[in-house]
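Visitor: Protein chains in written order, with this note's numbering: chain Z, 1 to 97; chain A, 1001 to 1326.
A couple of the hints might just be wrong.
Stretch by stretch, here's where chain A covers chain Z in the computed footprint (C-beta under 8 Å, at least three residues) [unchecked claim]: (1) 2-14; (2) 18-31; (3) 40-49; (4) 72-79; (5) 83-89.
I should point out that these hints are in silico values taken from the structure, not numbers from a laboratory.
Note that the structure is a prediction, hence the values are computed from the model and not measured.
Where a beta carbon is used, it is the ideal one built from N, C-alpha and C, also for glycine.
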Amino acid sequence: MAATQVEIVTPRGALFSGSAEMVTLRAEGGDIAFLANHMAYVGVLEPGELRVLHPEGAAPGPQATADELRFDVQGGGFVEVSANRVVVICDAATGPQ
Amino acid sequence: MPAGLERQLRRRIRSVQSTQKITRAMELIAASRITRAQHAILAAAPYAERLRDVASELAADPEASGHWVFGGAPRPSGSPAGDGRLGERSGGGAQAGGTAVVVIGADRGLAGAFNLFVQRAADELVSDLAARGQAPVLIAVGRKAIAHFRSRGRDLVAQFEGFADRPRFDDARRVVEAVSEQLKGGANSVYVVSTRFISSGSQRVESRRLVPLEREERRGATVFEFEPGPAEIMDRLLPQWLEAEVFVALLEAAAAFHVSQQRAMAAATDNADELIKTLTRHMNRARQDSITTEIIEIVGGAEALRQDTGGDKLTRPDVYVFPEAS
Chain Z
1 MAATQVEIVT PRGALFSGSA EMVTLRAEGG DIAFLANHMA YVGVLEPGEL RVLHPEGAAP
61 GPQATADELR FDVQGGGFVE VSANRVVVIC DAATGPQ
Chain A
1001 MPAGLERQLR RRIRSVQSTQ KITRAMELIA ASRITRAQHA ILAAAPYAER LRDVASELAA
1061 DPEASGHWVF GGAPRPSGSP AGDGRLGERS GGGAQAGGTA VVVIGADRGL AGAFNLFVQR
1121 AADELVSDLA ARGQAPVLIA VGRKAIAHFR SRGRDLVAQF EGFADRPRFD DARRVVEAVS
1181 EQLKGGANSV YVVSTRFISS GSQRVESRRL VPLEREERRG ATVFEFEPGP AEIMDRLLPQ
1241 WLEAEVFVAL LEAAAAFHVS QQRAMAAATD NADELIKTLT RHMNRARQDS ITTEIIEIVG
1301 GAEALRQDTG GDKLTRPDVY VFPEAS
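Let the hints inform the model, and build the full structure from the sequences given.
Guide: Pasting the structure below:
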């Protein structure tokens, strides 16, 4: 399946940077999922669960081969999608679990 | 009194040596903190960068670019950042159309001209803004910056200390809360005066305007779907983007402070070395002088004795020979 670039950034550093099949997260209007080649979009991120499906290129370690990465979004932020790249900007988040 | 002088010099050398121990320790501590501060800058950079991206995408959107933060339109009284409650504003805040200036100094000195440069740039900016009628109000970070403005008799609308050499994100958030307070009070521009950390060999004090946002023309830019609308996103983005910018500025200033301190302390350690060398030379000279004086006294005394007894009986040559003094 086609992949999209994914980046999750916080003030303390990037939590994830690589590619994945799908990203789901809680946006202001409700949960939203991004697949490859999603249209250019900027939305408001809400606290909740952030999931990265079939990730590739995650930081080395046990999660590098995981089927799905889960992040806990505690603060607020934005999600920005353009040119097949999903950027999650969050001021407080932890993970992957 | 040559003997007293020698003792005095010995005491001074000891005191310089103990000062040198302190400056050397401070130099090493500063050096180790530089690395840590650099890591923090690198970690925060992508976050700030992505927020800047979103801001510039908004700037390219026709609806959002009319937002007051781009300086185009007058501030709507209903916007969240500008509650329009100008009447409720307590004294000491920014006037409508005023400017909030965040000055980032250090908590401690012993870092060469680090604080001086920041203070000078801040004073320049403040008088510049005042001359243009932009009514600057000051938000100071760092004990040294606070003390500087105090001594100038300038009012500070907010002051922060205790985290300048190791800022955390929550510290940036508190500073931005003070800035937002001013924006609510009617200020429509924000400046930051801080030391930028370009590399470990290059730091520079900069006065930067954060608000109004720079609007770059981007032709053929992607058309984004904003949810909620672009103006609402801008309202939410503004504080978070300010936090990121202030956080990066705090981190860079901290790194630059450690570099300045390391340099200042390295110079101090070298100076102490010089001073110890000179003082040791003086001390040796003083000791030699006192030895010479003693010899002269002994020789003089012996000579006097010899003359007293007619000079015949006391001609033992060993009285006159001082191998270690020759």
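Visitor: Where does the structure disagree with the numbered hints, that is, which hint numbers, in rising order?
Guide: none
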